[in-house]
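2 protein chains.
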Amino acid sequence: MKNFTYCMPTRVVFGAGESENIGKLLACKAKKVLLHYGMGSAVKSGLIGRVKKALDDQCIQYVELGGVHPNPRLSLVRKGIEMVHQNGIDTILAVGGGSVIDSSKAISIGSVYQGDVWDFYCGKKIPEKVMPVAVVLTIPAAGSEASNSSVITNDEGTDPDKRGINYDIIRPVLAVMDPTLTYSIPAYHTAAGGVDIMAHVMERYFTNEKNVDFTDRMCEATMKTIIRALPMVLEHPDDYSARAEMMWASTIAHNDLLSTGRLGDWASHRIAHQPSALYDLTHGAALCIIFPAWMKYVYKHDVQRFVQYAVRVWGVDQDFNNPEKTALEGIHRLEEFIKSVGMPSTFSDAGISYARFEQMADRATGGDTFTLGQFVPLTKKDIYEIYHLAL
Amino acid sequence: MKNFTYCMPTRVVFGAGESENIGKLLACKAKKVLLHYGMGSAVKSGLIGRVKKALDDQCIQYVELGGVHPNPRLSLVRKGIEMVHQNGIDTILAVGGGSVIDSSKAISIGSVYQGDVWDFYCGKKIPEKVMPVAVVLTIPAAGSEASNSSVITNDEGTDPDKRGINYDIIRPVLAVMDPTLTYSIPAYHTAAGGVDIMAHVMERYFTNEKNVDFTDRMCEATMKTIIRALPMVLEHPDDYSARAEMMWASTIAHNDLLSTGRLGDWASHRIAHQPSALYDLTHGAALCIIFPAWMKYVYKHDVQRFVQYAVRVWGVDQDFNNPEKTALEGIHRLEEFIKSVGMPSTFSDAGISYARFEQMADRATGGDTFTLGQFVPLTKKDIYEIYHLAL
Chain A
2 MKNFTYCMPT RVVFGAGESE NIGKLLACKA KKVLLHYGMG SAVKSGLIGR VKKALDDQCI
62 QYVELGGVHP NPRLSLVRKG IEMVHQNGID TILAVGGGSV IDSSKAISIG SVYQGDVWDF
122 YCGKKIPEKV MPVAVVLTIP AAGSEASNSS VITNDEGTDP DKRGINYDII RPVLAVMDPT
182 LTYSIPAYHT AAGGVDIMAH VMERYFTNEK NVDFTDRMCE ATMKTIIRAL PMVLEHPDDY
242 SARAEMMWAS TIAHNDLLST GRLGDWASHR IAHQPSALYD LTHGAALCII FPAWMKYVYK
302 HDVQRFVQYA VRVWGVDQDF NNPEKTALEG IHRLEEFIKS VGMPSTFSDA GISYARFEQM
362 ADRATGGDTF TLGQFVPLTK KDIYEIYHLA L
Chain B
2 MKNFTYCMPT RVVFGAGESE NIGKLLACKA KKVLLHYGMG SAVKSGLIGR VKKALDDQCI
62 QYVELGGVHP NPRLSLVRKG IEMVHQNGID TILAVGGGSV IDSSKAISIG SVYQGDVWDF
122 YCGKKIPEKV MPVAVVLTIP AAGSEASNSS VITNDEGTDP DKRGINYDII RPVLAVMDPT
182 LTYSIPAYHT AAGGVDIMAH VMERYFTNEK NVDFTDRMCE ATMKTIIRAL PMVLEHPDDY
242 SARAEMMWAS TIAHNDLLST GRLGDWASHR IAHQPSALYD LTHGAALCII FPAWMKYVYK
302 HDVQRFVQYA VRVWGVDQDF NNPEKTALEG IHRLEEFIKS VGMPSTFSDA GISYARFEQM
362 ADRATGGDTF TLGQFVPLTK KDIYEIYHLA L
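Going down the list, the protein sequences come from chains A and B.
For the first sequence, this note's numbering assigns the number 2 to the initial residue and increments by one for each residue that follows.
For the second sequence, this note's numbering assigns the number 2 to the initial residue and increments by one for each residue that follows.
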């Protein structure tokens, strides 16, 4: 087990109806908030209206900034920073999912910094101060409501440049998580979110660190929760308990509790970013296609870890004389699960050909200049093979 | 699932050698600390000396207050508060286990309050301010390093009065957890601590709340970790990985993550307090005796939950035609485990007779004026029966 630090200072307020309390929860802490949200679904659903009323009731002033795109953009972050300065804002209130929260985190660090906010994303500067970010979560998947990460796309040049940062200081101070807000998420996005949550855990699960049984078991607990709850919410979108389990699991999957004592892999996320960007494929869908292929490519590196995954996560009946068979059965179960929740498990399912595999593998490795992943470091050639396995 | 709030702001710094970094970790935050510790083992082991050197190296001043008893006393808390005021202390540094940390929490809230610190423990006052508490943990069991609780014994009257509080504001700001410090814990106290950790989880596991599968599974993950690691550390006290798993599990077991969405029971802890006080029985040993008896007394209230416990925690081969048999086998496995780690599983094992069962049941229920527990509310008569079952 590796030495680690862990701190999750985000105050989670969880449960049906809690989103109505956002005003009370911010009272005494916020005087004027930047109310930041996405492309309009939270407005249409009436949520933004209810949030405004809750703020009004506590005499908390606000200015609004909607329009966050699924890949949140630097240009809107800059606009947010300007609005913070012009309006004497003291708190950012994100109402939405991962993109809105990531955008809010960028505004938070950018608005208390004299220089250019992109400095943080370029690695030129480490954030030392933040403006508090509070969240009303609407989509459980990214885990940004309690995570230390923010990913922003610089849309100002000719070639969009997507970069992420990880600093404990940017974790939100408050995350209001009301599972009833997730009833209206369409089946496809519910399933994509569910697999994204699974992927956050699997990236941490496949580690070379030995003797991390406790975090292994908590990872397994989280994965089994999604495997049980996701089909339930797809069948009954207003199943409160299953929606609640999904929502809470999404936070735990990505707040770093499941990384304690180990290095995760994270190759699959980066391999999946390329088709996601080129073909406008939902992040969760890209992970559905890439993760099983990655597994097939690397499982021989540590067959016993894949046997453990098969047995403990998927309940595979272990073939003690044939570890490879057991390991492959675990991967097969994941594929079957992905299909069963209506997601693509291959590029073909998503209508994507091999045409740009070479280009994607090249971009993923910076023109073959670095490898991806900790479990097995992968070169451009490896990634090209994985794309083919995913065809 | 019940609505809940969850916040664990304690910064955990975990791993071999991290205790040497306590000075650096406090630098810029503390100028003068109250160095608070127990009955001398941390002095004898040289730990206090190393902590002092680490503080000296960062020019952090300190005054020392040792002498915390296993049931931390109000009189010493008062002395600590006086020392804080006299010496311009800005941080309490607890070096020890649960008792030292609980005492430090009391000093922390008492020293920034104009009135009497006992007001908080009597329920007369809610703490609104704290002085920061940092911890170097030496015994994993109580979970106080990241919990919101503090239990203090008022030793100033004729009849000692032990009272506890639970407030999020009293969680330590920093917990340094170095598993190598636990190598020297004697086998008996290691085992007592291990069962105490199990008990913290079991109190939360046996709930009437339905649809809390995710927390169930995290509870099971934590219990299975102790079941695996405790025999390993008893066989090899310097098994780093197993000590580390025990230490991290002890924090997770009691920082309220495993309570999310549910009410726990907590009768067993309160039933165990009586023999503990009357016969000077270690807290963990008392739990070893009481918990299996409590289970036998209440399991019919929800046989299926005990079947789940038996199957998922102890790997019992389920008898699908006989749930009671499966449930009882789970309880039997717990008893066998307790015996296997050298702990008493009955009053007889601990040399305690039935002589004071009536008195203990009476005291536990305030003279039969209230019940104990949420899973099954227990009267004085019930508790008397449980004591007999534990004979």
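Be a bit skeptical, because a hint or two may be false.
[Claimed, not checked] The calculated lysine-lysine pairs, modelled on DSS-like cross-linking and capped at a C-alpha distance of 30 Å, are: (1) B/Lys382 <-> A/Lys326; (2) B/Lys126 <-> A/Lys225; (3) B/Lys326 <-> A/Lys3; (4) B/Lys80 <-> B/Lys3; (5) B/Lys163 <-> B/Lys211; (6) B/Lys326 <-> B/Lys297; (7) A/Lys211 <-> B/Lys25.
Derived by calculation from the structure, the hints in this document are not laboratory data.
Just so you know, these numbers come straight off a predicted model, no measurement behind them.
Hint check results:
1. The suggested pairing of lysine 382 of chain B with lysine 326 of chain A is violated, with an alpha-carbon distance near 57 Å, which exceeds 30 Å.
2. Distance restraint check for lysine 126 of chain B and lysine 225 of chain A: the Cα-Cα separation of roughly 43 Å exceeds the 30 Å cut-off, and the hinted pair is therefore not satisfied.
3. Annotation: proposed proximity of lysine 326 of chain B to lysine 3 of chain A is violated, straight-line Cα distance about 42 Å (limit 30 Å).
4. For the suggested pair lysine 80 of chain B and lysine 3 of chain B, the alpha carbons sit about 41 Å apart, so the restraint of at most 30 Å is broken.
5. Our distance criterion of 30 Å between C-alpha atoms is broken by lysine 163 of chain B and lysine 211 of chain B, whose separation comes to about 33 Å.
6. Distance check on the hinted pair: lysine 326 of chain B and lysine 297 of chain B sit about 12 Å apart at the alpha-carbon level, within 30 Å; holds.
7. Of the pairs offered as hints, the one joining lysine 211 of chain A and lysine 25 of chain B holds, with about 29 Å between alpha carbons and a cut-off of 30 Å not exceeded.
This entry does not satisfy hints 1, 2, 3, 4, 5, going by the numbered hints stated previously.
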